[in-house]
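Visitor: Each chain is listed here by its residues.
2 protein chains.
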Amino acid sequence: MKFYGWGYEDQTVSDQEIREMEAIWAKTLGIDSFDVTPAPTLEEIKIAPPRVMPPLSLAHITTVEKYDRLAHTYGSSIHDYARAFLREFSNPPDIVAYPENDGDVSAILDWCGSVDVAVVPYGGGSSVVGGVEPPRDPRYRGTLSLDMRNFDRVIEIDPVSEAARIQGGVFGPHLEEQLKPSGLTMRFFLQSFEFSTLGGWIATRAAGHYATVATQIDDYVQNLRVVTPAGICESRRFPASGAGPAPDRMFIGSEGSLGVITEAWIRLRKRPQFRAAATVRFADFYVGAEAVRALSQSGLYPANCRLIDANEAAFTGAGDGTASLLVLGFESADQPINESMRRALELCADYGGEVDRKNEASGEAHRTGAAGKWRDTFMRAPYYREHALARGVMRETFETAITWDRFKSFHADFMAAIRKAVEDITGRPGLVTCRFTHIYPDGPAPYFTYHAYGDQARLKEQFWHLKVAISAAMARLGGTITHHHAVGRDHREWYDKERPDLFGRALRAAKGVLDPHWIMNPGAIVDRSPQV
Amino acid sequence: MKFYGWGYEDQTVSDQEIREMEAIWAKTLGIDSFDVTPAPTLEEIKIAPPRVMPPLSLAHITTVEKYDRLAHTYGSSIHDYARAFLREFSNPPDIVAYPENDGDVSAILDWCGSVDVAVVPYGGGSSVVGGVEPPRDPRYRGTLSLDMRNFDRVIEIDPVSEAARIQGGVFGPHLEEQLKPSGLTMRFFLQSFEFSTLGGWIATRAAGHYATVATQIDDYVQNLRVVTPAGICESRRFPASGAGPAPDRMFIGSEGSLGVITEAWIRLRKRPQFRAAATVRFADFYVGAEAVRALSQSGLYPANCRLIDANEAAFTGAGDGTASLLVLGFESADQPINESMRRALELCADYGGEVDRKNEASGEAHRTGAAGKWRDTFMRAPYYREHALARGVMRETFETAITWDRFKSFHADFMAAIRKAVEDITGRPGLVTCRFTHIYPDGPAPYFTYHAYGDQARLKEQFWHLKVAISAAMARLGGTITHHHAVGRDHREWYDKERPDLFGRALRAAKGVLDPHWIMNPGAIVDRSPQV
Chain A
41 MKFYGWGYED QTVSDQEIRE MEAIWAKTLG IDSFDVTPAP TLEEIKIAPP RVMPPLSLAH
101 ITTVEKYDRL AHTYGSSIHD YARAFLREFS NPPDIVAYPE NDGDVSAILD WCGSVDVAVV
161 PYGGGSSVVG GVEPPRDPRY RGTLSLDMRN FDRVIEIDPV SEAARIQGGV FGPHLEEQLK
221 PSGLTMRFFL QSFEFSTLGG WIATRAAGHY ATVATQIDDY VQNLRVVTPA GICESRRFPA
281 SGAGPAPDRM FIGSEGSLGV ITEAWIRLRK RPQFRAAATV RFADFYVGAE AVRALSQSGL
341 YPANCRLIDA NEAAFTGAGD GTASLLVLGF ESADQPINES MRRALELCAD YGGEVDRKNE
401 ASGEAHRTGA AGKWRDTFMR APYYREHALA RGVMRETFET AITWDRFKSF HADFMAAIRK
461 AVEDITGRPG LVTCRFTHIY PDGPAPYFTY HAYGDQARLK EQFWHLKVAI SAAMARLGGT
521 ITHHHAVGRD HREWYDKERP DLFGRALRAA KGVLDPHWIM NPGAIVDRSP QV
Chain B
41 MKFYGWGYED QTVSDQEIRE MEAIWAKTLG IDSFDVTPAP TLEEIKIAPP RVMPPLSLAH
101 ITTVEKYDRL AHTYGSSIHD YARAFLREFS NPPDIVAYPE NDGDVSAILD WCGSVDVAVV
161 PYGGGSSVVG GVEPPRDPRY RGTLSLDMRN FDRVIEIDPV SEAARIQGGV FGPHLEEQLK
221 PSGLTMRFFL QSFEFSTLGG WIATRAAGHY ATVATQIDDY VQNLRVVTPA GICESRRFPA
281 SGAGPAPDRM FIGSEGSLGV ITEAWIRLRK RPQFRAAATV RFADFYVGAE AVRALSQSGL
341 YPANCRLIDA NEAAFTGAGD GTASLLVLGF ESADQPINES MRRALELCAD YGGEVDRKNE
401 ASGEAHRTGA AGKWRDTFMR APYYREHALA RGVMRETFET AITWDRFKSF HADFMAAIRK
461 AVEDITGRPG LVTCRFTHIY PDGPAPYFTY HAYGDQARLK EQFWHLKVAI SAAMARLGGT
521 ITHHHAVGRD HREWYDKERP DLFGRALRAA KGVLDPHWIM NPGAIVDRSP QV
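Line by line, the protein sequences give chains A and B.
Going letter by letter, the first sequence gives residues 41 to 572 in my numbering.
Going letter by letter, the second sequence gives residues 41 to 572 in my numbering.
Please note that a few of the clues may not be correct.
Intra- or inter-copy, both count: the list cannot distinguish identical chains.
Calculated cross-link-like contacts (lysine to aspartate or glutamate; reagent style EDC-like; alpha-carbon spacing at most 16 Å) [what the hints assert, rightly or not]: (1) Lys448 with Asp198; (2) Lys537 with Glu274; (3) Lys106 with Glu140.
Because the hints were derived from the structure by calculation, they are not lab data.
Start from the sequences, fold in the hints, and give me the full structure.
Guide: Structural data, given as structure tokens:
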């Protein structure tokens with residue numbers, strides 16, 4: 041896998057694809073031509089020798105090889121890619137570990153605790169919030185990146201309860217591959233699906249394919265097995281329980297700060313047999329949002345309910361830029377969902393939504409037309425990130441959730457704040473767009489994207505200034521700092537403000553029990569001593 | 041309100057109703073006639089003077105009156121009623137407080153912390169698991185029962201997001217009454233609805249009306265405001281968030297051990313306009329369970345999906361005892377649900393389920409027929425509890441959740457274990473029945489009821505021996521010790537076994553922060569020092 045970008049070395053976008061995308065970037069940002077910074081090569085990068093060496097007892101599952109250390113230095117944000125393209129690898133992990141079982145993880149945590157080495161759990165490295173970055177904290181003698189890739193098996197499938205016991209390090213495609221013979225599926229198709237892991241999804245409270253009902257990973261977890269520095273914490277496997285505060289909810293979203301999720305029983309479902317997809321045009325984004333509100337409160341539970349504003353529709357090629365598009369989908373393994381779609385479209389029509397007949401006609405509308413086009417772009421997007429960066433094109437996303445009563449003013453003010461930040465910091469306007477990723481009866485999860493043309497020598501700083509200005513606006517305007525990207529190190533400042541102080545203190549005390557040497561992912565979620 | 045039974049003094053079941061019920065009990069348990077222990081009167085009861093007196097500063101919101109202390113000595117289990125009918129009130133709270141606002145609650149917690157008085161938060165007193173009982177712990181100088189009845193308002197309704205900000209002490213009917221003008225409803229119709237509170241539902245992880253999707257209170261909570269001894273902990277109001285472990289989930293199910301829930305934003309919905317109800321007969325309970333499994337995994341989301349075994353159907357008058365009944369209901373505020381019902385009945389037919397045409401015909405089937413009859417009995421049941429007890433008739437319920445793959449053997453073994461316990465402990469067979477209260481794609485929440493005829497002088501001991509034997513069987517056979525009745529003091533032993541040890545230790549550390557003097561509901565959830 042690339043140490044500086046998305047996916048494998050041999051998975052690249054073609055020259056043709058790059059030329060097409062360059063044209064879009066150029067048009068969008070008003071640039072004539074791009075200088076291209078070449079991707080870094082292994083040989084170019086100088087890194088310091090490891091500050092600490094693994095003990096002999098861990099030699100078979102650890103390495104201090106340059107490639108491994110470089111490949112575990114960063115996640116996948118543009119802040120990360122900017123530094124990689126600057127050839128800046130000043131804080132790599134000292135050791136990379138590839139444990140093969142719970143005993144290995146325990147042994148690693150034991151050793152790290154005994155010698156003050158920080159442990160950063162590492163799944164696919166897809167974090168866009170600095171979640172897998174080694175801490176810069178003089179209290180630690182070094183950092184070990186704990187790569188879970190060997191925990192890649194579906195251990196047991198329970199076809200009766202539609203659930204499976206799955207190891208935490210399995211990547212999305214390999215997970216589905218192993219489930220396939222059973223006819224069951226998780227269908228947790230987040231954008232990082234190819235290069236992120238089940239354990240990572242749980243640790244970061246990722247959200248998946250479904251726009252309603254089973255949105256966040258929280259709903260999929262039946263139980264957890266977590267290796268902590270204090271021992272193994274394994275919850276019982278029940279469909280539900282009312283016995284005290286839910287144990288799993290402390291670990292879901294703990295971002296590696298409490299332990300390593302090595303296994304979970306996960307709720308699955310049968311593969312859908314019935315599908316309906318449609319695209320609905322709304323002249324006005326806010327009127328489209330009102331239609332989506334009605335849908336969210338209708339009890340119809342669409343699988344897909346992605347309102348895309350006109351500019352985003354145009355940018356991704358899904359629309360012509362004159363209207364917002366609502367990509368609507370229903371699916372079921374049990375019964376035709378035509379009636380649900382009929383009623384959903386009727387609701388949309390109440391708000392002036394017009395069905396895009398081109399797309400509606402085909403039973404394969406979910407694969408073709410605006411929906412299909414949009415999805416291809418969506419899954420392909422991470423591959424373009426490094427090529428954008430190499431050309432000074434920054435693309436960042438901010439996602440949140442907010443109640444319907446506040447949505448309109450929030451959206452207007454937040455869009456304006458992003459536009460202003462882009463202009464202030466890069467000196468030129470960018471493209472700022474919005475779509476809904478998930479919807480709830482009480483509010484949407486809107487997802488904002490900016491494209492901006494930066495100064496190639498200062499992308500790292502510009503990114504960070506944008507991050508700060510836009511995150512501050514998010515906090516000021518009242519959206520949660522993250523709906524599914526997680527907190528990591530990049531969102532910590534605003535997460536700390538959002539989190540009830542007493543809950544933070546309680547969590548710190550809980551961490552003190554599970555991680556008595558405070559080695560687990562320092563900088564994530566809670567700190568050893570109160571923030572100063 | 042009665043200090044020894046359910047509801048108000050003037051809400052009694054009529055002599056006629058009692059005669060009818062007596063006949064059922066007599067027939068069920070093979071008894072010729074009952075001796076009736078009269079209900080206790082205030083005058084009969086002797087209690088010790090309070091061991092501690094409230095300070096002058098709290099005089100206006102506290103009392104040490106005998107009635108108030110008696111009325112806050114017990115919850116509503118038969119263990120509680122048995123002791124009340126024995127005139128045994130040896131451990132009443134010393135003080136009862138009726139705070140009117142958060143400041144009052146804080147002042148009470150402050151004072152209690154400073155003088156080592158235990159605080160037992162009290163909603164409607166409907167606990168059937170010893171949740172509101174004063175601890176017997178010599179480390180405390182006394183107990184204060186903190187009655188939340190003055191926190192009875194819906195403060196604010198957000199009709200756009202379909203949510204309301206509601207005080208923790210409001211009883212079910214008064215809550216719905218205040219919502220009514222808005223057209224919104226919570227529809228959280230649990231059996232204790234009349235005499236339990238929103239705060240109590242949250243603290244105990246109660247489950248409500250809906251058999252699928254929005255089952256437990258966990259799904260309704262948008263945010264919480266909790267007054268803890270360390271200060272006020274208030275979470276933000278979002279439709280969803282992925283920012284760290286969910287703060288509310290630590291308090292949901294904390295059973296008064298971490299603080300007092302004084303307010304919450306709660307998710308609501310529009311009143312249903314479309315309803316469909318049907319009753320389906322299954323000759324075999326397990327085949328009925330298979331049909332319910334198919335329904336639970338179909339994505340049809342029935343509002344009601346209550347499989348009632350033949351004996352329970354007969355006992356409640358809903359059936360004739362020859363078949364299990366599935367009471368099936370769909371409801372929607374938005375669209376007709378006939379198609380969902382049609383498909384659900386088709387699924388049932390695949391398993392040999394036969395629709396009870398008598399009930400199906402009427403659009404009002406949810407109010408009449410087996411469904412209506414069953415519901416009336418359900419909501420009325422708590423009123424009979426004290427009359428049963430007065431006649432030596434014990435009726436207890438055990439509820440759990442278990443994955444489908446283990447359900448059949450669990451059910452068979454658990455039913456046998458209850459039957460055996462009843463025979464061993466009372467010396468005669470009882471009636472043991474089962475129904476499903478809620479269903480999940482991965483398993484049902486089965487609910488078991490026994491009726492047993494005990495020795496009136498020893499009901500208290502007999503109840504407890506039954507509780508221990510049956511709970512031990514529950515733990516041994518692998519069901520969670522509670523799906524929605526909570527842990528209280530009565531389930532602590534098995535809860536402690538079920539809860540991951542490390543999570544318990546983490547929770548204890550968290551409690552140490554929120555409740556530094558360990559005054560909040562001692563005996564509930566976690567103890568100051570490890571269990572011995």
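Visitor: Each hint needs a verdict: does it hold in this structure or not?
Guide: Each hint tested on the structure:
1. Only between protomers do Lys448 and Asp198 lie at most 16 Å apart by alpha-carbon distance; the minimum there is 15 Å, versus 44 Å within a single protomer.
2. Taking identical chains as interchangeable, the C-alpha atoms of Lys537 and Glu274 lie at most 16 Å apart only when they sit on different chains, with a minimum of 12 Å there against 31 Å within one chain.
3. When the C-alpha separation of Lys106 and Glu140 is checked against a cutoff of 16 Å, the pair qualifies neither within a copy, at 21 Å, nor between copies, at 65 Å.
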